[in-house]
Amino acid sequence: KVKDTAVLYNLLHISVMRRCNGCSEVGCSVLLRVQEKLALRQQLNEAKQQLLQQAEYCTEMGAATCTLLWGVSSSEEVVKAILGGDKALKFFNITGQTMESFVKSLDEDVKEVDSSESQFVFALAGIVTNVAAIACGREFLVSSSRVLLDTMLQLLGDLKPGQCTKLKVLMLMSLYNVSINLKGLKYISESPGFVPLLWWLLSDPDAEVCLHALRLVQSVVLEPEVFSKLASEFQSSLPTQRILAMSKSRNSQLQTAARELLEDLRALQCGV
785 KVKDTAVLYN LLHISVMRRC NGCSEVGCSV LLRVQEKLAL RQQLNEAKQQ
835 LLQQAEYCTE MGAATCTLLW GVSSSEEVVK AILGGDKALK FFNITGQTME
885 SFVKSLDEDV KEVDSSESQF VFALAGIVTN VAAIACGREF LVSSSRVLLD
935 TMLQLLGDLK PGQCTKLKVL MLMSLYNVSI NLKGLKYISE SPGFVPLLWW
985 LLSDPDAEVC LHALRLVQSV VLEPEVFSKL ASEFQSSLPT QRILAMSKSR
1035 NSQLQTAARE LLEDLRALQC GV
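Take 785 as the starting number for the sequence shown in our numbering and just add one per residue.
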């Protein structure tokens, strides 16, 4: 489009110069205005192209940088350094906003996305997972970054079964890590629609999503103070058949997690 506009601009310029030699002052003025508009359009198209190139560069740079940070954030010292800076809260706020924008932009028919943008978002989610794996990181997220926790819970409900499973798994791992902190577990479990969300996630066709959803369910079940408030809702809506099917899965990790959860639930029913 930029090239087409430039060609048109040059042709019109030649035409204007020829016509202005023998046309009225008014006619020449009109042609000059048209020429000016085309020149502005060309500049606008060029500016748009530059912005697109800059956005692509920033996304690729963000993906590369955050992927590196994801790798090193498995170190407790690195997590402490991240949280010790004055930009930590802003970073996690931007992380939540970026993840939300990414999910909203997804095509419903596309299950998995492979792009610089998706790698950028996955790396951000991975950093959150690693931060939540450290005690001080969990405390920070629960105390200072609850908006991010709310966003992850919301996005897990927005994503359809089988859609963007890598992001789902990373968010579930983050929430499970946060649930190790009692304050974190209480906050997550008190989120509106939390129990239906768990059952929704257990309906996902991806085994890894189901595995991490089961672990989050088990985290709730094993904490008496939290489970007592959700017991009636669990009993009335528990997808027992789905969990039983998982306990017979060929995926050994999923099978083990499902069997352990069923045993924990039976123990609670027996008052053990």
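Among these hints, one or two may not hold up.
Per label pair, the in silico range of CB-to-CB distance [to be verified]:
no., residue 1, residue 2, range
1, G868, D1048, 36 to 42 Å
2, D898, L836, 18 to 24 Å
3, L836, V856, 27 to 33 Å
4, Q881, S1036, 33 to 39 Å
5, L1028, Q833, 52 to 58 Å
6, V931, D1048, 30 to 36 Å
7, L836, K888, 31 to 37 Å
8, S889, S1020, 34 to 40 Å
9, A1029, F978, 19 to 25 Å
10, L816, S885, 42 to 48 Å
Calculated directly from the structure, the hints in this document are not laboratory data.
From the three backbone atoms N, C-alpha and C, an ideal C-beta is built for every residue, glycine too.
**OP:** Determine which of the earlier numbered hints do not hold for this structure and return their numbers in increasing order.
**Re:** 7
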